[in-house]
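Student: Next come the chains, spelled out residue by residue.
2 protein chains.
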Amino acid sequence: MSEIARLFASDLVVANLGSKIFTDALELQGRRAIQVDWAVPCAGDEELISILKTIRTGEVGVGGKKVALQDLVDRANAEALEQINLSHPFIVGIGKAVDEIPGMEKGLILHAGPPVEWERMCGPMKGAVIGALIYEELAKDESAARKMAASGDIKFEPCHHHAAVGPMAGIISPSMPVWVIENRHSRNRAFCTLNEGLGKVLRYGAFSAEVIERLKWMEEVLAPVLKDALEIHGEIDLRTIIAQALQMGDEGHNRNKAGTSLLIREFAPSIAEGPADAKAKSDVLKFMHLNDHFFLNLTMPAGKSSLDSASGIENSSVIVAMARNGTDFGIRLSSLPNKWFTAPAPEVEGLYFPGYGAEDANPDIGDSTICETYGIGGFAMAAAPAIVEFVGGTPQDAINFTLSMYDITVGESKNFRIPSLGFRGTPTGIDVTEVVEKGILPAVNTGIAHKDPGIGQVGAGLVEPPLACFEDAFKAFHKSLTRRRKKR
Amino acid sequence: MSEIARLFASDLVVANLGSKIFTDALELQGRRAIQVDWAVPCAGDEELISILKTIRTGEVGVGGKKVALQDLVDRANAEALEQINLSHPFIVGIGKAVDEIPGMEKGLILHAGPPVEWERMCGPMKGAVIGALIYEELAKDESAARKMAASGDIKFEPCHHHAAVGPMAGIISPSMPVWVIENRHSRNRAFCTLNEGLGKVLRYGAFSAEVIERLKWMEEVLAPVLKDALEIHGEIDLRTIIAQALQMGDEGHNRNKAGTSLLIREFAPSIAEGPADAKAKSDVLKFMHLNDHFFLNLTMPAGKSSLDSASGIENSSVIVAMARNGTDFGIRLSSLPNKWFTAPAPEVEGLYFPGYGAEDANPDIGDSTICETYGIGGFAMAAAPAIVEFVGGTPQDAINFTLSMYDITVGESKNFRIPSLGFRGTPTGIDVTEVVEKGILPAVNTGIAHKDPGIGQVGAGLVEPPLACFEDAFKAFHKSLTRRRKKR
Chain A
21 MSEIARLFAS DLVVANLGSK IFTDALELQG RRAIQVDWAV PCAGDEELIS ILKTIRTGEV
81 GVGGKKVALQ DLVDRANAEA LEQINLSHPF IVGIGKAVDE IPGMEKGLIL HAGPPVEWER
141 MCGPMKGAVI GALIYEELAK DESAARKMAA SGDIKFEPCH HHAAVGPMAG IISPSMPVWV
201 IENRHSRNRA FCTLNEGLGK VLRYGAFSAE VIERLKWMEE VLAPVLKDAL EIHGEIDLRT
261 IIAQALQMGD EGHNRNKAGT SLLIREFAPS IAEGPADAKA KSDVLKFMHL NDHFFLNLTM
321 PAGKSSLDSA SGIENSSVIV AMARNGTDFG IRLSSLPNKW FTAPAPEVEG LYFPGYGAED
381 ANPDIGDSTI CETYGIGGFA MAAAPAIVEF VGGTPQDAIN FTLSMYDITV GESKNFRIPS
441 LGFRGTPTGI DVTEVVEKGI LPAVNTGIAH KDPGIGQVGA GLVEPPLACF EDAFKAFHKS
501 LTRRRKKR
Chain B
21 MSEIARLFAS DLVVANLGSK IFTDALELQG RRAIQVDWAV PCAGDEELIS ILKTIRTGEV
81 GVGGKKVALQ DLVDRANAEA LEQINLSHPF IVGIGKAVDE IPGMEKGLIL HAGPPVEWER
141 MCGPMKGAVI GALIYEELAK DESAARKMAA SGDIKFEPCH HHAAVGPMAG IISPSMPVWV
201 IENRHSRNRA FCTLNEGLGK VLRYGAFSAE VIERLKWMEE VLAPVLKDAL EIHGEIDLRT
261 IIAQALQMGD EGHNRNKAGT SLLIREFAPS IAEGPADAKA KSDVLKFMHL NDHFFLNLTM
321 PAGKSSLDSA SGIENSSVIV AMARNGTDFG IRLSSLPNKW FTAPAPEVEG LYFPGYGAED
381 ANPDIGDSTI CETYGIGGFA MAAAPAIVEF VGGTPQDAIN FTLSMYDITV GESKNFRIPS
441 LGFRGTPTGI DVTEVVEKGI LPAVNTGIAH KDPGIGQVGA GLVEPPLACF EDAFKAFHKS
501 LTRRRKKR
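Protein chains in written order, with the numbering used here: chain A, 21 to 508; chain B, 21 to 508.
Source of the hints: derived by calculation from the structure; they are not laboratory data.
Be careful, since some hints might not be right.
[As the list claims (entries may be wrong)] Below are the BS3-like pairs computed for lysine-lysine, each with C-alpha atoms no more than 30 Å apart in a straight line:
(1) B:K299 x A:K306
(2) A:K116 x B:K247
(3) A:K306 x B:K247
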């Protein structure tokens, strides 16, 4: 019997591409049919499809030989993934922002997300700037702070432009203590403030007296006690703690209970040994214990220091930053490291605290999407089934979020593994080409800030980044890829 | 069309009971066949089947009315489960065994498992007894200790007879510090030593100088520092910590990394605040930090205090203790609380430390099977996929262990939930009738001790308790059930 005759002699099964109603109709008639998970590339956009075709099938001359563009890109992306996987962030210090962060100076305030001026800042970011100016004793009260912020005397720049990251409003002012993280692989550093805890806190836009007092206590007690402890203990291996935390139900963005616990047990003996008085040590240990998000401000700079080592790789379409200032959502690509691609910040679908609803919510805000860019957070939700109590959904949803991210990443983490997926590495290295081709957006879970200054957190949930900035980045990537090639 | 005609007019599917080769044969021919998961009750033992029939279908007169025996048993078992679920163990103190444990006295040594005299004790238990006599300064060295232990001057009784539990050899001597756990629901207490850590330790039968020195340090530094801290902190809610730990990858028997972390962060602020010097506090925090099993000695008495409140319920076939002395494996039933049903302790299937193998292993030993009796440990393995690195197998095996335990338990925990099973309560309240009827043995994971005194742990793995003691308990349960009924 010929191959083809044999095929038709066997039972036939229908495989359907496109609209699922054909599959459904067959199944209603008792026939087996397989619905193929396929969608039109780039949602059918002709310009994008044409770019995609160039990248996937085009060739360029390199050293007299024809080379497939896709091969160049694949090699660059493999290098980016390798850099992320080799990265090994350690806590190496705690210090004042102005002493530690390159380019930090008096009158400069760093903020989350892509660049934004005072006028375009959202409510919670304005609130946090007001709080920072009061904390720095540059303004006496809200109205003086508003005036000063609008005067042009204060410079605003993104944390990301200074090797730093900040959760939510992400405000860093010169006197604030910061974690100093060093990536032992590539020797670059990253910085982040210490987490303030829950409730009324600066990062959610609150600036009342209790917020400022807490910031002062963090500067005067928390940071010195931790600094002493760190000197006794020696550098702390963050990658190992994050890896362990992912075996313990954390995903590193909105669930950091295990990471915080592991950090406390690592730090506690050295805190107890340090020179501070017993009350200060006890207060520091209590402050960390009462805040399960304390570790978030370490997963973030761990991610930042790792992604910075994957930044600036020619021909790589890997995303090295996703960040929001509450007004815009922005991304940066490895091969175009100094350029932001932005679109309006989206709304967060979430669970709200009692008394609050979607009408109170600020659009998506914060640098904490560095977690997802790093392959944890929303990308590691399968490791954290209990996260659904915080952001909504079921444990199966959490697993599905992670599984779908493998479709848009270059590869898998060699460090961060998910027990429930048989210890598979987390999806790592977001490829902007895959995002645009498949229309699958990075899965992000996040807190929700009130839209007005001075209030704080009102909920938490899931957010879909805006496709537009990925499309723009994709177009720019294509241009740079072909332009560079022509120059040679 | 008649019902029967309609049935035969539809496509038929074969359901096969018994040998799976019939299902396989049909599938080879391309037919659908369902293999029903069914086995002959009581493995076909006629005596047991006849007892089972009496329990399942028999009636007795109660207050002039006929009542089904099974209804009486079901009600009693529901009450036992309710007691376990209502139980709420707290850490309420730390003290000397002789001061805290009822009936503890000079010259008395408590051990794990059912009763056993010196002559029948296994190697590691003898080693631990030798160590305890040296620690108590009742003997100078091994040979003096052996003589004393054999002399009859030392009394040996099970921990379980004194509201206590002990891991592995489970030796408790009068001077040892113990955790005092109170079940706030039923006001009964339970006791356990403080965990010594890994390596050469008394509970695995080691008794060298370093072992004795560590025990002294635990008595002189660890216990006082923790006692002070507990007084500052106030009682610690163990049930809540265990529940959280099960959301963080622990199962509470062989994986206690999360429980230990949560305990440290809860304790640390009060330790730092206490009156001891900085070095002692730091050493205590380091000791706990370096031992992920530190929390095991708290899950065990939490279980003991909860199961004791479910003990002594007439007509209940729920198992309230499973324990091994390294020679025998024994169980106790709620309705026959003072009787042990024993069989030879089985071997453990496990992973061995380098240089050791099955030929070095002592049979199964320790009271830590109180964990499984409580609905955690092996019963909660689905919560702890990473446990397979320690005891062998795959994450799916861990899930299957838990799923199969629902077949032999009265119900589910209302406190301990498993994220990966959609937050289902752990299987709780082992019913000896179900065990014997289905031939499904409780899933236990455990450490492996060297068979000789003085060596220590050589591995960890999974163990199947011996069916014989469950069968004996089942027969005795049946007798007590029918005898009591006749008296009325």
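Student: Confirm or reject each hint.
Tutor: Each hint tested on the structure:
no. : hint            : result
1   : B:K299 x A:K306 : holds, 20 Å
2   : A:K116 x B:K247 : violated, 38 Å
3   : A:K306 x B:K247 : holds, 18 Å
When each numbered hint is compared with the structure, a violation occurs for hint 2 only.
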